[in-house]
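Chemist: Residue numbers (our numbering), protein chains in the order written: chain A, 2 to 390; chain B, 2 to 390.
These are computed hints drawn from the structure, not numbers from a lab.
A portion of the hints provided could be inaccurate.
Note that the list lumps identical chains together, so a pair holds whenever it fits in one copy or between two copies.
In silico DSSO-like pairs for lysine-lysine, Cα to Cα no more than 30 Å straight-line [unchecked claim]:
id, residue 1, residue 2
1, Lys-327, Lys-239
2, Lys-143, Lys-168
3, Lys-32, Lys-218
4, Lys-327, Lys-168
5, Lys-382, Lys-339
6, Lys-202, Lys-143
7, Lys-106, Lys-138
8, Lys-106, Lys-239
9, Lys-202, Lys-167
10, Lys-202, Lys-339
11, Lys-106, Lys-167
12, Lys-218, Lys-280
13, Lys-168, Lys-202
14, Lys-239, Lys-143
15, Lys-327, Lys-371
Protein chains: 2
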Amino acid sequence: MTQDFSWLHRGVAEIFPQPTDSDSEVDSLEKVLATTTRPLRVKYGIDPTGAEIHLGHSIPMRKLRAFQDAGHIAVLIIGDFTARIGDPTGKSEVRRQLTQEEVAKNAQNYLEQVRPILDFDTPGSLEVRYNSEWLSKLDLEKIQELLSTMTVGQMLAKEGFAERYKKENPIFLHEFLYPLMQGYDSVAVEADVELGGTDQKFNIAVGRDLQRHFGQKPQFGVLLPILIGTDGVQKMSKSLGNYVGLLEHPAQKYQKLQGVPDHLLKQYFELLTDLSLDKLPENPRDRQKLLAQEIVRQYHGQEAVTQIEAGDMPEFSLSQVQFPAKLSYLLNVTQLCKSSGEGKRKIQEGGVRLDGDRITDVDTSFQEAKELYGRVLQLGKNKFVRFVN
Amino acid sequence: MTQDFSWLHRGVAEIFPQPTDSDSEVDSLEKVLATTTRPLRVKYGIDPTGAEIHLGHSIPMRKLRAFQDAGHIAVLIIGDFTARIGDPTGKSEVRRQLTQEEVAKNAQNYLEQVRPILDFDTPGSLEVRYNSEWLSKLDLEKIQELLSTMTVGQMLAKEGFAERYKKENPIFLHEFLYPLMQGYDSVAVEADVELGGTDQKFNIAVGRDLQRHFGQKPQFGVLLPILIGTDGVQKMSKSLGNYVGLLEHPAQKYQKLQGVPDHLLKQYFELLTDLSLDKLPENPRDRQKLLAQEIVRQYHGQEAVTQIEAGDMPEFSLSQVQFPAKLSYLLNVTQLCKSSGEGKRKIQEGGVRLDGDRITDVDTSFQEAKELYGRVLQLGKNKFVRFVN
Numbered sequence: 002m003t004q005d006f007s008w009l010h011r012g013v014a015e016i017f018p019q020p021t022d023s024d025s026e027v028d029s030l031e032k033v034l035a036t037t038t039r040p041l042r043v044k045y046g047i048d049p050t051g052a053e054i055h056l057g058h059s060i061p062m063r064k065l066r067a068f069q070d071a072g073h074i075a076v077l078i079i080g081d082f083t084a085r086i087g088d089p090t091g092k093s094e095v096r097r098q099l100t101q102e103e104v105a106k107n108a109q110n111y112l113e114q115v116r117p118i119l120d121f122d123t124p125g126s127l128e129v130r131y132n133s134e135w136l137s138k139l140d141l142e143k144i145q146e147l148l149s150t151m152t153v154g155q156m157l158a159k160e161g162f163a164e165r166y167k168k169e170n171p172i173f174l175h176e177f178l179y180p181l182m183q184g185y186d187s188v189a190v191e192a193d194v195e196l197g198g199t200d201q202k203f204n205i206a207v208g209r210d211l212q213r214h215f216g217q218k219p220q221f222g223v224l225l226p227i228l229i230g231t232d233g234v235q236k237m238s239k240s241l242g243n244y245v246g247l248l249e250h251p252a253q254k255y256q257k258l259q260g261v262p263d264h265l266l267k268q269y270f271e272l273l274t275d276l277s278l279d280k281l282p283e284n285p286r287d288r289q290k291l292l293a294q295e296i297v298r299q300y301h302g303q304e305a306v307t308q309i310e311a312g313d314m315p316e317f318s319l320s321q322v323q324f325p326a327k328l329s330y331l332l333n334v335t336q337l338c339k340s341s342g343e344g345k346r347k348i349q350e351g352g353v354r355l356d357g358d359r360i361t362d363v364d365t366s367f368q369e370a371k372e373l374y375g376r377v378l379q380l381g382k383n384k385f386v387r388f389v390n
Numbered sequence: 002m003t004q005d006f007s008w009l010h011r012g013v014a015e016i017f018p019q020p021t022d023s024d025s026e027v028d029s030l031e032k033v034l035a036t037t038t039r040p041l042r043v044k045y046g047i048d049p050t051g052a053e054i055h056l057g058h059s060i061p062m063r064k065l066r067a068f069q070d071a072g073h074i075a076v077l078i079i080g081d082f083t084a085r086i087g088d089p090t091g092k093s094e095v096r097r098q099l100t101q102e103e104v105a106k107n108a109q110n111y112l113e114q115v116r117p118i119l120d121f122d123t124p125g126s127l128e129v130r131y132n133s134e135w136l137s138k139l140d141l142e143k144i145q146e147l148l149s150t151m152t153v154g155q156m157l158a159k160e161g162f163a164e165r166y167k168k169e170n171p172i173f174l175h176e177f178l179y180p181l182m183q184g185y186d187s188v189a190v191e192a193d194v195e196l197g198g199t200d201q202k203f204n205i206a207v208g209r210d211l212q213r214h215f216g217q218k219p220q221f222g223v224l225l226p227i228l229i230g231t232d233g234v235q236k237m238s239k240s241l242g243n244y245v246g247l248l249e250h251p252a253q254k255y256q257k258l259q260g261v262p263d264h265l266l267k268q269y270f271e272l273l274t275d276l277s278l279d280k281l282p283e284n285p286r287d288r289q290k291l292l293a294q295e296i297v298r299q300y301h302g303q304e305a306v307t308q309i310e311a312g313d314m315p316e317f318s319l320s321q322v323q324f325p326a327k328l329s330y331l332l333n334v335t336q337l338c339k340s341s342g343e344g345k346r347k348i349q350e351g352g353v354r355l356d357g358d359r360i361t362d363v364d365t366s367f368q369e370a371k372e373l374y375g376r377v378l379q380l381g382k383n384k385f386v387r388f389v390n
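Whole structure, please, built from the sequences with the hints as guidance.
Modeler: What follows is the structure in structure tokens.
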């Protein structure tokens, strides 16, 4: 095990607990990493709610990979059971419960998307666990035991709950189960470390309490920042349109990353690449270009970068389009599909994207050329055109 | 089925729901009783926490018997599962969790005590059910479903919780399970009616909600008053010393009931006897005596009344006792036991009572005669003496 922990600290918001003068029994995570005689079990839990993964989600996943590269075990928890309840963290509304089928499909989908980030190949380096394995076996007596470790006051102090309670928005009792279930996951997999966004501190701390309750050494929490989106203002989120999705076309990613505001570039390099921050180009345009190149390279390889920079993005002139234009007609006229009928089928199958957003409504249509100008129409993974004048 | 419902209304504090002008779909319980083509299932749940049963506890039990006598089915729920959590109703502190062994022993003990009240003999008239039967089978998914039917706000509005929350006394999350489990009992046994003290309205209403959630017709609630103790001030409670225990010696019961304050007599007759309230004696002393006779008759038969009134309570003069006096020595000197050694064993076995209170500490001793004057020392069910000067 290496004694250089720059890989651990890069981009990290907080590691807890920290040894303090008042509690000399707590070792630092660095000390544990330096002295451990076995690989540590590093947990990261994901909620297979069907959201498309974007660069913001890749941050803890990249840290998980860093632990793998340092010789530790990534324990990726697919919250197939918890997803059906929903994490109320940061939500001001109660979440719709997912069906078992939706969760299974979403979990599979998620694993496909993170395949480029994690090490799936080195033997023993990755454990993928579904938390239904242990949570579906809990009985009322055990659940009562979990519930008895916390008070209503502690739970209502949690960010999200506190605001909802103050606003007199209903908090349903089953929502209290979420942090305890996430915490019990740590007990079940005997986690040494749990990774999460800074909004996960409460849930990770609950895991520590439950591990202590069940006689285990409490895990360390490694908290990672929430990524600001390409608008430079709000957190990256598909619904805000300021995101770069892992499933987007390389050219689309390249284009969006070239537009990342200058004040965010350092954080993007720190969180999303392994490049040395001391050696970034001085010119902001060059920095943006390097960021785009580096991230496209990570997900699609150097060849994709070269292709994009050679201008290989096929273009299609809007002067050839008759308006109003149905999406199925556009797929045909651009020759992505052989007929409007094939276009309709592809739309229904979920294979059509505009600027990376999947469109499944076959009746989607456009009234004027300016609605399409500069946008990329994509079929499947490899076929796409950009609309030009 | 009879159309005279005086048996139903006698001593009842509230029956809910009541038909209202605004909700004409709700039938009255009387109408349901008059028109039902099958016996109703009348639930009463008890918490086998080991408390000795007193006349206060007998009130819902007597109402359950009245339903049995009218042809309905008493469904007595032994809360062997819930007792291990504890009903927080009216408690300002969280309750210690009982072990499985304690609960099993207490449940058996309880059934013995209520045997004189309920009809255990008419076939089909009594179902005794342990709620571990269904509660031990609940999994996290089902528990989540139960929890999702209520909000934190609704739960904190419950009497007991509200005060504790306001005082910032801790409310542990598992306490929220109690009303839901009691409510789920109603679902499991398909209750048509649930009996309870007036402090049970919330829990019985939760049962109605859960029955509705699971597609059943919601039960009626029949609420019975909480009995004021023989001090005429506070609710009857063993710890307040103002109680008449069902296990107490007939002479002890008789003596205590002769002291019930005049202003309580009418309520005692109404709740604890079947006597017509119009025909009570005019003289208060006569009323007290009639109450004592009637209740001793219920539990021990007319012969016991006759014996007591003939002065058959053996007496023992305190002048024959040397102080300080150990309890085991007292058992020997009064000839209840053949030796102090036998006395010790009986104390350890739990067979010794003073004024109806079981004493299990073999080192119990008394310093002066006045500590014992007028009190009844009892061995087993049938051997006893009263200490006199």
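Chemist: Kindly indicate which numbered hints from before are broken by the structure, ordering the numbers from low to high.
Modeler: 4, 10, 11, 12 and 14
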